[in-house]
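Each chain, written out:
2 protein chains.
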Amino acid sequence: MPSRRKRDFPVDQVRRFLEPGPVVLVSSAWNGERDVMTMGWHMMLGWDLVGTYIWDANRTHHLVRKSRECVINLPTADLLDTVVRIGNCSGREGDKFERFGLKTTAGEKVSAPLIDACHANFECVLHEMRNTDLYNLFVWQVVKAHVATSPKLPRTVHYRGGGRFMLSGEEVSRRRLFKPEMLDE
Amino acid sequence: MPSRRKRDFPVDQVRRFLEPGPVVLVSSAWNGERDVMTMGWHMMLGWDLVGTYIWDANRTHHLVRKSRECVINLPTADLLDTVVRIGNCSGREGDKFERFGLKTTAGEKVSAPLIDACHANFECVLHEMRNTDLYNLFVWQVVKAHVATSPKLPRTVHYRGGGRFMLSGEEVSRRRLFKPEMLDE
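Listed in order, the protein sequences are those of chains A and B. Under UniProt numbering, read the first sequence as residues 1 to 185, first letter to last. Under UniProt numbering, read the second sequence as residues 1 to 185, first letter to last.
Since the hints were derived computationally from the structure, they do not count as laboratory data. There may be inaccurate statements among the hints.
Put simply, identical chains are the same to the list, so a pair is met inside one copy or across any two.
Said to hold, decoys possible - No more than 30 Å apart at the CA atoms, straight line, and that leaves these computed lysine-lysine pairs for DSBU-like:
1) 66 to 179
2) 103 to 179
3) 109 to 6
4) 6 to 66
5) 103 to 152
6) 152 to 109
7) 144 to 103
8) 109 to 144
9) 66 to 103
10) 6 to 144
11) 6 to 152
None of these values were measured; they are calculated from a predicted model.
With the rest of the complex left out, here is chain A (with noise of 0.2 Å):
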């Protein structure tokens, strides 16, 4: 799978990406262990803050509640068959990244590894988890955030249940629609 050239973007704009609700990618690192998961359950919770549900089945569950850290990464279409292939194995059959190929970048934050095929790269902190227990909720910040600079609107896979998915389709704009201290731009 090809890398891709990526820049910097505002970690508090990373809900451009989040809050149309794609499937994403988590990888977490922790004492020379490390693991990627798909998941399709998560929110903003803030400009900064995403709520992520990660099952406590899920050996991700294990690694980030030890390292505190993870990063979220964006896959686009040309990655949903190894999406699907991720979310249906488990890290303890052998490294997921070999298996699958994927090439990965060093964070700059965080020891988590940034998965180089997908659209973007969200380095995030554990922010808290007082609602871990209760609903494999955690709590992340985002510290760094990594973006493709081509194509503008990736093609991103959302997640309906029974082994199908939505592709992300076209935009249409209605900023002529909002007050202007309604628009975050």
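We have chain A already, so just place chain B on it with the hints.
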């Protein structure tokens, strides 16, 4: 706006509509008042649990805190202008349902109104709000779901910030790549 013929839908399958990340309309009622807001920050927290970020400056925040109920309504692309206009005015300026010509139906389980023109309506009762002061996060249990009989795949709207929306695109299946136990149907 036309109403839509709807059928009961299993509450533990609402993820099919919410997990892809659409903008929703949250309606609420309490003590003779009612309101509706546009919302893009939400996530699944269980098969019938949904977390929503409702800013404490919103009138809806006040109404749902008091009533402990809401309806999550799923609008489609034909309602986009109305969705944006609802998000750019306050219920304090007058009843938004009248202002935007939104016909409603009474909930079966909650007092908040269902918006007829939406593709789906999910009646919700408050599951807990221990995170509400911290994150404006309410956790809801879906207790009744109504979904339009057609189309099977509604064209939903997903917010990218800056006044721009992504419209849901084509559906693709990767069922063949899933382990049977990973499929929820």
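Hints versus structure:
Proximity of residue 66 to residue 179 under the C-alpha cut-off of 30 Å is restricted to the inter-copy arrangement: shortest distance 29 Å between copies versus 44 Å within a copy. With identical chains, the CA atoms of residue 103 and residue 179 are at most 30 Å apart between copies only, with a shortest distance of 25 Å across copies and 43 Å within one. For a Cα distance limit of 30 Å, the shortest separation of residue 109 from residue 6 inside one copy, 16 Å, qualifies, whereas the shortest one across copies, 49 Å, does not. Proximity of residue 6 to residue 66 under the C-alpha cut-off of 30 Å is restricted to the intra-copy arrangement: shortest distance 29 Å within a copy versus 47 Å between copies.
Taking identical chains as interchangeable, the C-alpha atoms of residue 103 and residue 152 lie at most 30 Å apart only when both belong to the same chain, with a minimum of 22 Å there against 38 Å between chains. Taking the closest pair of Cα atoms, residue 152 and residue 109 come within 30 Å of each other only inside a single copy of the chain (25 Å); across copies the shortest separation is 44 Å, beyond that limit. Taking the shortest alpha-carbon separations for residue 144 and residue 103, only the intra-copy value of 19 Å comes in at or below 30 Å, while the best inter-copy value is 45 Å. When the C-alpha separation of residue 109 and residue 144 is checked against a cutoff of 30 Å, the pair qualifies only within one copy, where the shortest distance is 7 Å, while the shortest distance between copies is 44 Å.
In this homomeric assembly, residue 66 and residue 103 come within 30 Å of each other (Cα to Cα) only inside a single copy, at 24 Å, whereas the closest approach across copies is 51 Å. Taking the shortest Cα distances, residue 6 and residue 144 sit within 30 Å of each other inside one copy (12 Å), while across copies they are farther apart (45 Å). With identical chains, the CA atoms of residue 6 and residue 152 are at most 30 Å apart within one copy only, with a shortest distance of 12 Å there and 38 Å across copies.
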